[in-house]
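Novice: So you can see what is in the structure, the chains are spelled out below.
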Amino acid sequence: MDAEEIYKEMADSIVNLDQEKALKLANQALNEEMDLLKVIEKGFGEGIRKVGDLWDDGEFFLPELMSGAQIMEKAVDVLTPKLQSSGSERQSSGKVLLATIEGDIHSIGKTIVATMLRANGFQVIDLGTDVKAEKIVNVAINANVDIIGVSTLLTTTMLNQKKVIEILEQKNIRNNFKVIFGGAPVTQGWVDECHADGYAENAVESVKLAKSLM
Amino acid sequence: MSFTQWLGNESKIILFDGAMGTQLMQHNLDPGKIPDLLNIENPEIVKNVLASYYDSGADMVQTCTFSSNLVNLERQHLSNRLQKINLEALRNIKDIKPSSGKLIVGDIGPSGEFRPPVGEASGDQWKNGFQQQAEVLEAGVDLWHIETMSDLQEMSAAIHAIKEVSQKPIIASMTYRKTKTRGFFTIMGDSLETCVNTLEKENVDVIGANCTLGSDQMIELAKELVQMTDKPVSVKPNAGQPRLEGGNTVYNQSPDEFVNDIEQMINLGVKIVGGCCGTTPIHIQKMRMLIDNR
Chain B
1 MDAEEIYKEM
11 ADSIVNLDQE
21 KALKLANQAL
31 NEEMDLLKVI
41 EKGFGEGIRK
51 VGDLWDDGEF
61 FLPELMSGAQ
71 IMEKAVDVLT
81 PKLQSSGSER
91 QSSGKVLLAT
101 IEGDIHSIGK
111 TIVATMLRAN
121 GFQVIDLGTD
131 VKAEKIVNVA
141 INANVDIIGV
151 STLLTTTMLN
161 QKKVIEILEQ
171 KNIRNNFKVI
181 FGGAPVTQGW
191 VDECHADGYA
201 ENAVESVKLA
211 KSLM
Chain C
215 MSFTQWLGNE
225 SKIILFDGAM
235 GTQLMQHNLD
245 PGKIPDLLNI
255 ENPEIVKNVL
265 ASYYDSGADM
275 VQTCTFSSNL
285 VNLERQHLSN
295 RLQKINLEAL
305 RNIKDIKPSS
315 GKLIVGDIGP
325 SGEFRPPVGE
335 ASGDQWKNGF
345 QQQAEVLEAG
355 VDLWHIETMS
365 DLQEMSAAIH
375 AIKEVSQKPI
385 IASMTYRKTK
395 TRGFFTIMGD
405 SLETCVNTLE
415 KENVDVIGAN
425 CTLGSDQMIE
435 LAKELVQMTD
445 KPVSVKPNAG
455 QPRLEGGNTV
465 YNQSPDEFVN
475 DIEQMINLGV
485 KIVGGCCGTT
495 PIHIQKMRML
505 IDNR
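As given, the protein sequences belong to chains B and C, one line each in that order. Everything in the first sequence is counted per this note's numbering, starting at 1 for the first residue and increasing by one. Everything in the second sequence is counted per this note's numbering, starting at 215 for the first residue and increasing by one.
None of these hints come from the bench; they were simulated from the model. It should be emphasised that the depicted structure is a prediction, and the values quoted were computed from it without experimental measurement. Incorrect hints may have been included.
Said to hold, decoys possible - Computed spacing ranges between beta-carbons, pair by pair: (1) B:Lys38 / C:Asp430: 28 to 38 Å; (2) C:His291 / B:Asn176: 22 to 32 Å; (3) B:Glu20 / C:Arg396: 44 to 54 Å; (4) C:Asp309 / B:Glu193: 20 to 30 Å; (5) C:Glu434 / B:Ser85: 27 to 37 Å; (6) B:Lys211 / C:Asn417: 31 to 41 Å; (7) C:Asp470 / B:Asp130: 52 to 62 Å; (8) B:Asn144 / C:Asn294: 37 to 47 Å; (9) B:Asp192 / C:Asp470: 23 to 33 Å; (10) C:Ser293 / B:Gln91: 30 to 40 Å; (11) C:Glu477 / B:Lys208: 17 to 27 Å.
Said to hold, decoys possible - Each computed DSS-like pair below joins lysine-lysine, with the alpha-carbon atoms no more than 27 Å apart: (12) B:Lys50 / C:Lys392; (13) C:Lys394 / B:Lys208; (14) C:Lys247 / B:Lys132.
No residue lacks a Cβ here, since even glycine has one placed at the ideal position from N, Cα and C.
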């Protein structure tokens with residue numbers, strides 16, 4: 001079997017949510033000393049992109065989205081030690097800080113976004129829920145992230161999303177970061193009003209948005 | 215009149231209430247705090263909203279208990295207040311309910327915890343959480359509304375929980391989004407048809423849909439729903455989509471547009487109408503006039 005065929009099988013294993021097959025193929029890639037960066041990009045990575053397309057089409061739903069992303073992560077975990085020891089690392093798509101804003105303890109949407117971003121090659125720092133805007137900004141500076149993602153489910157706590165941008169502006173570092181919003185009540189109008197860099201309707205869209213901002 | 219008699223009366227359109235949460239926010243509800251706590255901490259605000267719906271002509275209004283199942287309260291470190299919140303919620307609605315001809319609906323919302331692979335909740339955990347809430351509410355409600363469920367398995371757990379402690383009628387409302395090409399599904403992947411089949415097997419009294427969809431998309435869903443089942447159908451759509459204006463949350467649809475859509479749903483055969491997020495006593499008043507003038 002040539003490499004292209006194996007890549008296709010890898011992509012299929014993610015789309016078919018077949019963890020056993022995905023892990024077997026990841027180990028096969030190690031044994032056959034395949035180009036592991038290509039394995040991730042053209043193999044498993046292609047699979048997770050297709051999972052995203054199937055979500056867009058209404059063929060896949062939350063359980064499939066999460067399973068696909070989790071299998072992708074496990075397959076990448078198999079490859080990571082070898083990648084690191086060989087000095088070549090999976091190219092990061094970018095570094096993202098995620099948090100649900102102060103006053104809001106809803107985590108599920110943010111967790112799904114984090115999982116999808118990781119599966120798509122982003123490094124993700126997830127600060128959890130009910131996080132103060134000041135803390136979000138401090139961590140973003142210290143970790144030197146590219147993108148700050150702020151989530152909220154409640155219309156009442158939406159106002160705190162704006163605070164993140166205000167603090168960045170006060171510190172004169174607004175241009176050092178892209179700031180994106182997530183959550184059911186967020187609209188383009190709100191993004192414009194806050195001078196944020198974008199928002200996404202769901203986890204699949206958030207990956208596209210993050211890639212477009214890098 | 216009992217709810218079952220209303221259902222049996224062919225000409226009766228039952229008017230449900232409008233939003234609780236978005237109404238409470240108008241009263242500077244503390245962001246992040248669950249509205250149900252106001253039953254204890256500021257009962258007058260809750261009573262005002264409840265009374266405003268009865269006064270606007272709603273036949274039945276639901277308790278302010280959307281978030282007060284055990285699983286949800288545990289996450290907020292409030293599990294020791296389950297009994298108190300639900301008891302006070304009952305007291306608040308009983309205090310203001312007009313003396314005759316109106317009903318109290320026990321409101322049961324989702325647990326906020328998903329099953330694997332999305333989260334870690336189990337069916338038993340869900341059922342136990344709902345049952346503890348239902349045991350308290352059973353003392354004062356006339357019927358139940360399980361609402362905003364995005365997982366049919368969680369809905370079934372709530373139905374089973376209620377049936378352990380109550381023989382009162384159940385309205386079972388799932389929340390759907392419209393997919394690009396395949397019609398209405400829950401985010402967990404249950405199609406409208408699958409939901410209807412399961413809810414018929416569970417033998418609920420009314421099959422409903424609420425939240426997520428605005429009234430325009432709800433017309434489309436209602437059309438399909440009344441075709442799929444002989445059970446009475448209930449709808450509680452949102453008043454368009456929320457946006458912020460000068461720091462306040464506003465909904466971009468006028469009450470008249472909303473009520474026009476509701477009229478179309480009644481004409482399609484929907485039996486129970488009300489509103490979800492963004493709807494107000496004005497929406498309910500206008501729906502009362504619509505129903506009375508038919």
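Novice: All hints are to be evaluated individually against the structure, with a verdict given for each.
Specialist: Tested hints:
no.	hint	in the structure
1	B:Lys38 / C:Asp430: 28 to 38 Å	48 Å, violated
2	C:His291 / B:Asn176: 22 to 32 Å	36 Å, violated
3	B:Glu20 / C:Arg396: 44 to 54 Å	29 Å, violated
4	C:Asp309 / B:Glu193: 20 to 30 Å	41 Å, violated
5	C:Glu434 / B:Ser85: 27 to 37 Å	56 Å, violated
6	B:Lys211 / C:Asn417: 31 to 41 Å	48 Å, violated
7	C:Asp470 / B:Asp130: 52 to 62 Å	39 Å, violated
8	B:Asn144 / C:Asn294: 37 to 47 Å	43 Å, holds
9	B:Asp192 / C:Asp470: 23 to 33 Å	28 Å, holds
10	C:Ser293 / B:Gln91: 30 to 40 Å	46 Å, violated
11	C:Glu477 / B:Lys208: 17 to 27 Å	39 Å, violated
12	B:Lys50 / C:Lys392	20 Å, holds
13	C:Lys394 / B:Lys208	18 Å, holds
14	C:Lys247 / B:Lys132	16 Å, holds
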